[in-house]
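Engineer: Spelled out from the first residue to the last, the chains are:
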Amino acid sequence: MTSAHTTRRAPALPRASAARRGSAFLTAHPRVRLGLLLAAPLFWLVVVYIVALVLLLVTAFWTVDSFTGEIRIDWTLDNIVTVLTGALYQTVTLRTVGVAAAVTVIDVLLALPIAFFMAKVAGPRLQRILVIAVLMPLWASYLVKAYAWRSVLSQDGILEWLLAPLGLHTPGYGLTATIITLSYLWLPYVILPIYAGLERVPDSLLEASSDLGGRTWRTMRSVVLPLAFPAIVAGTIFSFSLSLGDYITVNIVGGASQMLGNLVYTNVGAANNLPLAAAIALIPIVIIFGYLALVRRTGALDNL
Amino acid sequence: MTAQPAIRLSGLTKEFASVTAVDHVDLEIAEGEFFSMLGPSGSGKTTVLRLIAGFEQPTGGTIELFGADVTRTPPFDRPVNTVFQDYALFPHMSVLDNVAYGLRVRGVGRAERRERAMRALAAVRLDGFADRKPAQLSGGQRQRVALARATVVEPKALLLDEPLGALDLKLREQMQVELKQLQRELGITFIFVTHDQEEALTLSDRVAVFHDGRIEQLGTPRELYENPASHFVADFVGTTNLFGPDHARTVLGREGEFSIRPEKLTLAAAPSAAGGERSAAGTVVDSIYLGSGLRHIVDLDDGPRISVLERNDRSRTVDPGRGDRVHVTWHDEDVVALIPPGA
Amino acid sequence: MTAQPAIRLSGLTKEFASVTAVDHVDLEIAEGEFFSMLGPSGSGKTTVLRLIAGFEQPTGGTIELFGADVTRTPPFDRPVNTVFQDYALFPHMSVLDNVAYGLRVRGVGRAERRERAMRALAAVRLDGFADRKPAQLSGGQRQRVALARATVVEPKALLLDEPLGALDLKLREQMQVELKQLQRELGITFIFVTHDQEEALTLSDRVAVFHDGRIEQLGTPRELYENPASHFVADFVGTTNLFGPDHARTVLGREGEFSIRPEKLTLAAAPSAAGGERSAAGTVVDSIYLGSGLRHIVDLDDGPRISVLERNDRSRTVDPGRGDRVHVTWHDEDVVALIPPGA
Amino acid sequence: MRLGRAARITLGAVTALILVVIYLPLLVVLANSFSTSTSLSWPPPGFTLEWWGRAFQSAGALDAVGTSVAVAVVATAVALVLGTLISLALQRFAFFGRDAISLLVVLPIALPGIITGIALNNFFRTILGVPLSIWTVVIAHATFCIVTVFNNVIARLRRLGVNLEEASADLGAGVWTTFRLVTFPQLRSALLAGGLLAFALSFDEIIVTTFTAGSGVTTLPIFILNNMFRPNQAPIVAVIAVVLVVVSIVPIYLAQRLSGSEQTRR
Amino acid sequence: ACGTAGGGGGGTASEQEELGDFEGSVSILAWPGYVEDGSNDPEVDWVSGFTEKTGCAVVSKSYGTSDEAVSLMKTGDYDVVAASGDATLRLIAAGDVAPVNTDLIPSYAGVYDFLKEKEWNSVDGVSYGVPHGYGANLLMYNTDVVSPAPTSWDVVFDGASAYSGKVTSYDSPIYIADAAVYLMAHEPDLGITNPYALDETQFAAAVDLLKAQRSHVGEYWSDYLKEIQAFESGDSVVGTTWQVIQNVLAGEVSNTAVVLPDEGATGWSDTWMIASKAKSPNCAYAWLDWIASPEVNAQATAYFGEAPSSDAACDFRDDCEAYHAGDADYASKIWYWTTPIAECVDGRTDVECVDYSKWTEAWSEIKG
Ligand SMILES: Nc1ncnc2c1ncn2[C@@H]1O[C@H](COP(=O)(O)OP(=O)(O)OP(=O)(O)O)[C@@H](O)[C@H]1O
Ligand SMILES: Nc1ncnc2c1ncn2[C@@H]1O[C@H](COP(=O)(O)OP(=O)(O)OP(=O)(O)O)[C@@H](O)[C@H]1O
Ligand SMILES: [Mg+2]
Ligand SMILES: [Mg+2]
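Protein sequence lines, in the order shown, are assigned to chains A, B, C, D and E.
Each residue of the first sequence is one higher than the last, beginning at 1 in this note's numbering.
Each residue of the second sequence is one higher than the last, beginning at 1 in this note's numbering.
Each residue of the third sequence is one higher than the last, beginning at 1 in this note's numbering.
Each residue of the fourth sequence is one higher than the last, beginning at 1 in this note's numbering.
Each residue of the fifth sequence is one higher than the last, beginning at 1 in this note's numbering.
Honestly, the hints are just simulated from the structure, not real lab data.
Every value quoted in this text rests on a predicted model; they were computed, and no experiment measured them.
Accuracy of the hints is not assured; some may be wrong.
From the structure, some residues in chain D lie toward chain E, with a derived Cβ separation under 8 Å [unchecked claim]: (1) Thr-38; (2) Arg-54; (3) Ala-77; (4) Val-81; (5) Arg-125; (6) Gln-186; (7) Gly-216.
Every beta carbon over 10 Å from chain D, so not counted as near; a handful from chain A, in silico [to be verified]: (8) Arg-33; (9) Leu-53; (10) Thr-76; (11) Val-108.
Even glycine gets a Cβ: it sits at the ideal position worked out from N, Cα and C.
Okay, chain A solo, but in the shape it has when bound (with noise of 0.2 Å):
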């Protein structure tokens, strides 16, 4: 056995190195190393992200030439005031809030059973090939659904086929039309945070309640729903703020109704006046941080 040659001494740590050097800074230099973690991270952030949307915003504060199309730094508050003041910005908004809190609750309601099913009443197998079920539809294009369910609603569509024994008829295009549709697209994004959030909550406490006498439904409401709340939330911002923004699904299935998305849309790439663009812009982001500002201090934000 060669192993009786070989001398049983401590290896010497390889002191000294460059990269060992460092590594002893940084381990005495906490700040050093989370400024090198940092550094890139906010830079690309900050300088991509944040500095184009205040510059967006400020041009909300700029006019454009009506002829040229070109804008203006000519400082006025009239984009602003139109957007508060217009009747037409008071009535899509409103619609447009309507529809993405439709399609969050909706959402919300089939995302609960089928995440709790995935999460604890499904084995192992069948939960991993529910997953499967769940995701898969994400790589199907978004435009292709859209247009799927446009074929689905249409008049003599698959819906009516199916309704029309039963008395009903398909909603046609339109609002609701446009909430089923995007209810469909978020889908997904609302049942993965629902199910990850489920999977957390340990089976015990869903067997002290039914020890304790809670039967099935009392224990949803008692137990699972108010811990499964953060992901719940989670969900919603995904599906409340795709909605918020959306214009494509409108035009595709919304029949005549516009949302705030097609306005937007509208004066960016057809009426080439970004100011204004800019100006309606600020309703769904102020939307969106009140949203976000609510919802903070549930933890919904670490369930994305």
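Given chain A, work out where chains B, C, D and E with the ligands should sit, using these hints.
Structural biologist: Using the frame of chain A, we list chains B, C, D and E with the ligands on its own:
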């Protein structure tokens, strides 16, 4: 003790995919008994408890609670409550709400609920903590909340799954005393799961020793300790010195397998001549100071390495060091014959 | 023991935001010593260990390892290694890779690394498990891998933070024996943190009892157990019967605070008349069967409720039941005077 | 959890029903890919394999898939690096402004895409004066993908704690060695999960892309959007969608397997 | 790149005098289906030939509405744009496109005269591009539902209530002109002479008409597929359309028909234009010539579904009839899309016309 048992398990069996966790267990537990299930990890104790509580469905056999077959009854309709190993307190509710939960789901009014929960908290000396969240309590306090929560609904039996496992030693001893006291006060059946044999012996009226999903021996602590039915029980319940057939012949002069507890042995400078006593010579390998006692490890000349437990008091006649020659002495009646596994 | 201590802590202090976790600790630990730090939860044991390992920076005081001041040295440059309470094995590496890790970061070649890691595994009897992942090991096996990993780089001292805390009772006792044996073989300093007084007594050459970030008493197990310096130590190290000034006067006939260990007391039907012995009459409240012994709880007529520990052997003269009148007897020399906190 | 029989059945039925609703439109898409109708009309008037043949010869479609994959890969890579750095910083250190940074990370996904889109469009073109290109798309996508990586990694870091890193330092490893040999391998599956989600987000993004893509940069969603207006192209798009859904099983399954095996290792 | 502060007044750029060497690539902004290189359908390809001939590689981007085209041209990323009349004047006014020297484009000679020197492709006699193809925004109806066969836009305006919820309209501010065309015939008192030159009162009348129509509109359409689907499924039964849509529908169902109503109709005539800051002007000129050449023009306009720009092109198409190509009479009933500007395009100087930005605002409000 009434004629009808609190709990009767008949041929209870639970198979998971590949393992048989519980294997044809028959058991009767009397009303008001403090009953422990003792066994090594994976022996099926928790599974039996979960079957009784209703969290698992048996693959075979029946469960009767107070004469009623509850094999198919869901947990919320069974008159038993559980104290979970990790306590399973609802983190989003205050201590009071946790305790009141069982009353709330039973539709007890707010005022009465509060009053009864406070009384239950007082019983575990936590009435000052009603408004805290579980996260703001220490381990021992949480354990007591779990107890209060399970007892406030006045179950006919309480199931406890290693409720003291997460506590540190000092606290654990203290909680053992409190648990026993609570059981006496309530007068209800406690079914207690543990893998700590000392705990089982200290607390229980009767103990079932589990091994591989079966009950290996069932009896009072004294029966188990003094008359272990098998090698496994002798070894698992307390420490012991085992003598296999060879050593039994050379040292004890008997045929079969035997066990002698360390505390039944004494060390002496010379062989004993007293009636019924026997001695064997050996060399001290180690002497460990335990505080309340001393553990001597002795290599017997013609036998195994054995352990001798002496009380740390004035009765000790020798104070041997490593390498000293000693005579280990025992009384014939303290030699316990083990039933071989096949028998 | 060499003149230069392995570890010297001088005025070591660590403050977290609001708590002083370690409060001016002075300590010298000799080379080759098995040294334990014992204390209740939150007393600062872990923090001292982390300061020695270099994971925390002290707010005051210095740390010397083998004569060199390492107070500002990063952990990876200190000649000590740690066995973590949860073992902190790298879950993505095989057992062998875990053990070889310290050699790898030191630039030891693959072949030598493997050979030395295998040797270290053999020393903890795990050479057959080299290719498993930590998750495929039992608790006790993981604990041994952690030991092998820490010792393979031949540290001058090994720091162990409740390494047996996560193991169940049977395994724990077995590992205690192995640990002690390993320390003897390696001959290096072990600094062992525990809150289990029995473990500390069994294993250590010397023990420091921590309380609120300070060392309350420092000594050999026997010194601590037989001559506790304070009420706190007497109570924390083993169980004891404390006699405050009043009861000391009525029962013991002395002035001051005293402690008598339960195993120093015996029960008898009549008062003892032997030299140096004293007796007190009382009523048995409870008798708990422990297997290796019996614990009797007795209410003394003019004194406190006390605990008497008897060995479960043939020497017992009475076998009292609840409510029986007994005489508790002790020897004057077994009464230990406690130094009052102020003194 | 053991539920009452009725509850179990109800839940199972609801789940099945939701799945049916989830897959119903996809079935329509599948049917359309075989339909002789060019306008996705229902019910399909006839059966044809023409679109499947044409889809695989459509250089435009294949290019678009290639572009989308390229954009998603680079954006995901950037997001992985930045997301990991930021989660290490936020999880391992306590400092002033920590909450602000965690909000900052969430913002690009929480604000509607059209806002991010026009903000970046305005920023690149008007403020910086750089022409839109594939890189502007990558930058935009990476920005809103950071959060998915961040959330996965920080959750993992939280669970990991610092024990393993301390053990590594204790055994003599420096900061970088510890990251390479201990921290990174522990993060791998979290990175995979976050990366996969980031990839999916980028791959299907249309709104931000519309505003940040230079001329000639045709990602798949843009291709689809354009082709929805073209005669005879809609069924080809349906074919692409079907293929993508089927192909996506592989990465999702792998990710599941990896995180699954990780769970058993824990 | 073109900054916000950049950009000049209209018409300052001068046209090119002669052609130089090809630059090797050209970037084109066009309606979908205008620049096909076979990548979508190997059989639809008129770009490869161009690249072969000139060595100019083509990079193209398609847009969805005229307004989008105007925005995109502001990026300065494109050499050539195919713009409809509602975009051209805006592009010219913003200085985004340059005058085109038609002498450098041999194919220009064959283009229908009625498409040349129009207010949407020329300013003060200076040509800004080459016509591509044209078509009318026709009235389509479901023959099962709408009877008798309509001959007037009445069915989507004053008579729209009969088909409430199933009327469809083109989703663009320029659709206001359709209302103006209707008003021109039905409310002569308003004195509308050109639907793209509306003063305040005329404009208000048109907007009111559209607001009234809004309650009957099932959906607004701007993309091709949406319209086809809606008619096929019966979600829409009457509304504006393009000939090509009818052609596609005719292949699938047989219950739709189109008509050019008596009032006339709006329509488009697209123009290939060259960016004033074109990086590849020579390739750009070559493209304009290529796309106007009969065979290519025939291919491209046939694929999109519109009338070609020359008689010669009809030799390469067999469906010219359906599109009324070269039918000057028919063409005269079409009000080609023109950007409404303050300076009335009908020549009135006593009033200020409502400009396109107001049209845009009004359109949002009409939709509500
Ligand atoms: N849900 C389950 N699925 C599969 N096997 C299980 C499950 N629950 C328990 N088992 C298996 O059943 C056997 C008995 O487990 P059980 O938890 O009852 O043991 P235990 O005696 O409580 O052990 P411990 O002291 O470790 O808690 C074990 O082999 C275990 O692996
Ligand atoms: N990182 C920290 N930040 C703030 N306080 C801390 C930190 N670590 C320890 N403490 C506090 O310092 C004190 C000593 O803690 P330490 O972990 O050293 O105790 P311990 O004796 O090891 O206890 P245990 O037996 O519970 O492990 C405690 O009050 C603890 O709350
Ligand atoms: Mg268990
Ligand atoms: Mg500790």
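Engineer: Find the hints from earlier in the document that the structure breaks and name them by number, from lowest to highest.
Structural biologist: Violated hints (numbers, rising): 3, 4, 6, 8 and 9; every other hint is consistent with the structure.
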